[in-house]
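*Asks:* The lines below spell out each chain.
There are 2 protein chains.
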Amino acid sequence: MGRSRDVVVESGRGTREPPRPAGAPGGTATDPAVDRAAAAGPGAAAATAPAGAAAAAGTVPGPAGPAAPAGTAAEVLGGYLQERAAEFLRGLRDHAQGTGAGAGGAGGGSGGTAGAADRARAAASVGALRSAARRMNGVLVTYRALLDPVWADNLRTELSWLAGVVAREYSCADRLERLSAALHRLASGAAGRGEGTDPAAAEAGGRTPGAAGGGRRSAGGGAATRERGALPVGAARAGALLERQLTLARTRAHSAALQALGSARFHAVADAVALLASETPFRPGGDADRPVAVVLAPPAEQARRRLDEAVAALPLSRAGAPYNADGLSRSLGTEARQDAAWDHVRVLLRVYRYAQEVLGPHAVPDPRLRPAGEALERHHEAAAAAAAAASAAATPRIAPATAYALGVLHADQRHEVEAARFTFGRHWTRTHPEGAPS
Amino acid sequence: MGRSRDVVVESGRGTREPPRPAGAPGGTATDPAVDRAAAAGPGAAAATAPAGAAAAAGTVPGPAGPAAPAGTAAEVLGGYLQERAAEFLRGLRDHAQGTGAGAGGAGGGSGGTAGAADRARAAASVGALRSAARRMNGVLVTYRALLDPVWADNLRTELSWLAGVVAREYSCADRLERLSAALHRLASGAAGRGEGTDPAAAEAGGRTPGAAGGGRRSAGGGAATRERGALPVGAARAGALLERQLTLARTRAHSAALQALGSARFHAVADAVALLASETPFRPGGDADRPVAVVLAPPAEQARRRLDEAVAALPLSRAGAPYNADGLSRSLGTEARQDAAWDHVRVLLRVYRYAQEVLGPHAVPDPRLRPAGEALERHHEAAAAAAAAASAAATPRIAPATAYALGVLHADQRHEVEAARFTFGRHWTRTHPEGAPS
Chain P
1 MGRSRDVVVE SGRGTREPPR PAGAPGGTAT DPAVDRAAAA GPGAAAATAP
51 AGAAAAAGTV PGPAGPAAPA GTAAEVLGGY LQERAAEFLR GLRDHAQGTG
101 AGAGGAGGGS GGTAGAADRA RAAASVGALR SAARRMNGVL VTYRALLDPV
151 WADNLRTELS WLAGVVAREY SCADRLERLS AALHRLASGA AGRGEGTDPA
201 AAEAGGRTPG AAGGGRRSAG GGAATRERGA LPVGAARAGA LLERQLTLAR
251 TRAHSAALQA LGSARFHAVA DAVALLASET PFRPGGDADR PVAVVLAPPA
301 EQARRRLDEA VAALPLSRAG APYNADGLSR SLGTEARQDA AWDHVRVLLR
351 VYRYAQEVLG PHAVPDPRLR PAGEALERHH EAAAAAAAAA SAAATPRIAP
401 ATAYALGVLH ADQRHEVEAA RFTFGRHWTR THPEGAPS
Chain Y
1 MGRSRDVVVE SGRGTREPPR PAGAPGGTAT DPAVDRAAAA GPGAAAATAP
51 AGAAAAAGTV PGPAGPAAPA GTAAEVLGGY LQERAAEFLR GLRDHAQGTG
101 AGAGGAGGGS GGTAGAADRA RAAASVGALR SAARRMNGVL VTYRALLDPV
151 WADNLRTELS WLAGVVAREY SCADRLERLS AALHRLASGA AGRGEGTDPA
201 AAEAGGRTPG AAGGGRRSAG GGAATRERGA LPVGAARAGA LLERQLTLAR
251 TRAHSAALQA LGSARFHAVA DAVALLASET PFRPGGDADR PVAVVLAPPA
301 EQARRRLDEA VAALPLSRAG APYNADGLSR SLGTEARQDA AWDHVRVLLR
351 VYRYAQEVLG PHAVPDPRLR PAGEALERHH EAAAAAAAAA SAAATPRIAP
401 ATAYALGVLH ADQRHEVEAA RFTFGRHWTR THPEGAPS
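From first to last, the protein sequence lines stand for chains P and Y.
Under the UniProt record's numbering, the first residue of the first sequence carries the number 1, and numbering increases by one thereafter.
Under the UniProt record's numbering, the first residue of the second sequence carries the number 1, and numbering increases by one thereafter.
Extracted from the complex, chain P is given alone in its bound form (with noise of 0.2 Å):
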């Protein structure tokens, strides 16, 4: 609830002035900005807000790729801030127009073919979203000191918001999807290879270079595990039990993004990004006039260093013995799991990703990062998927055969994080940049 009215009021106005008068006292104010919301409505704000915004982002971001390397810091920040706003909003009216039009069938697992088309629709206009969000976060993060601070502290808490809840819906499914394709590898053997049941064909796959780089399960696969036949009944039941509460979980989700795209608070948080995408509020008697090597690169290589120190943290060397049973450990068990070092990892390396992202040329280059952040989200995927078949096994009166196969799911998950961690381990120690300094 900590939006600004000063921003919503400036960009619902239409006139972008300099944001400097606009950052200063907004992160302060709490009263809800809810004048021009509620005399637009909830549904039409929702559709239209977006795409007045975009339209007007629409010419804003100048030449595509990397902005010019030679400008200011002012000028690169400014520019990679804008595509991602552009980016942001761009995704926000595809959503507000998916949701609208599949708003029949949107509601729970239901809906035709075209249903269908209509929420992949909508899940890549989300994926986009949040893709720009999370940029446009970890770059307030890095580059604080150049931005107005209480802006981008408030607009860094709103997009995560907003994110999260647009999101949450989308990940309830990608979690059913992977929850069930494990099922039924488990129960038949074919499924998450994309290869037939035959050994030698499974053979022959993982004879590939790619597999050997812990790649398993890449392919999604998910349509084609549907169509396999019918599970033993304890897999089958599981999975049903599965479905039933994560489909819950996804309607409750939906319902929730719903009532937020028609809220005042969305509406702050599309503003600010709209004048995001025309104007970055620097922080007054900054450096953001001086070239990038001297002002961007400094706080991108304290990201860095920040990162560097939170994988010393990590047990690196005994997640890069295979086979070390550290996935399972303290499954059955009650305290907290030691996913957290690993998760803040994946958060840090995202900033620092971001922060290169926005160096551009200037930034060294490094190999490690994105097959290593692939690893941690493949890792807080399944932590996740494996937090969802521990809580469906804690459902009362479940048949035992139920919450074995909720056992053996959970397990096969963690073992996927187990394997992250191995894959993560290796693309760090091995590819280690030669120029990096230590």
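Please keep in mind that the hints were generated in silico from the structure rather than gathered at the bench.
Among these hints, one or two may not hold up.
[As the list claims (entries may be wrong)] Here are some chain Y residues pointing at chain P (derived, C-beta under 10 Å): (1) G71; (2) A74; (3) E75; (4) A325; (5) I398; (6) T402; (7) T423.
[Stated by the list, open to error] Derived contacts from chain P toward chain Y, CB cut-off under 7 Å, selection only: (8) A187; (9) Y323; (10) E377; (11) H380; (12) I398; (13) P400; (14) A403.
Glycine included, every Cβ here is placed at the ideal spot set by N, Cα and C.
Once you've looked at the hints, dock chain Y against the given chain P.
*Replies:* Chain Y only, in chain P's frame:
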């Protein structure tokens, strides 16, 4: 029930004739040789017959270590078999004494510290007995062409039967130990590493070179495991269920072993091995008088070829990619698992290793055999433990939490299976000897 009255009577008389007349008709005689065994009584026979046989055998094994390599095939092969026979009889005698001494507490899982020491001694004697029986068995297979074939086939059958009957009790105990340790590790995360609970120590453990070889859970750590704190309810119940079931199986196996040790069939085996301890029945008119390199090397080479062919049929390249998810594949399905091919290799590898032992200095050394064989033993034990967890989960009316813990445990052991395959593949493909023929 296919033992030889001739052998029994001869060895009972204590006169060791050349083996030729005993072998030929021996395998075909089907009458039970109950006369002497019935006269001695089951209990006394179990204690006296092996002791007497071992005493007779004690005079036979000449110099320790491999027999003189320069001798004939008969000397080398006969010497090897005689040493193994003496070991077998010694193990049998020790076991009979141990069973007699600890008869009160040997039935179930009860017994104090004295009972535990007795059990440990009895387990050691059974281990020696099994090891000798396996070696005789393997050598009888590999060098069958040099031996009296009917005698060899008959003795193999009987050795397998006896070793299996006596060892089953201890493998039940080992399996329970393994599963309890795994449950404690899964619930508390500390057991199985032989380290404290702090992650730093665990990581330090992972840093040792041995741990990188996939030597997960190498130390038994069973005694330490038992002293750890209380498990969560599901794990505790699963542990109690497994303990009930495996203790019942162990008690049954113990009774069966006692019964077997009092049977006429047992006396026939003991007598046949006692005969072997002094004299090897070679095939009449065979090559046994020719030099070792000419006669014994080709069968060993053939054993190696059989092993290589079986290994070539394994999906080794897939198993060599860590976290390939094959171990758990189909584990919720109903069809049989794909462990048979690996188990086949385990047996063939053992047979080849024993053939190499016979050859001694004449053998081409293959440093892969021992670590690869150990990995396959671990494969076998983990697969059996996973099956025990799965079968416990099929118990009617268990609580869902119990079934859930058993599912996690099952998956954990299947991942041990996968880890063992990985370790085997590493050993097999990395350190291939230079001089080995393709």
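*Asks:* Hint by hint, which ones does the structure fall short of?
*Replies:* 1, 2, 3, 10, 11
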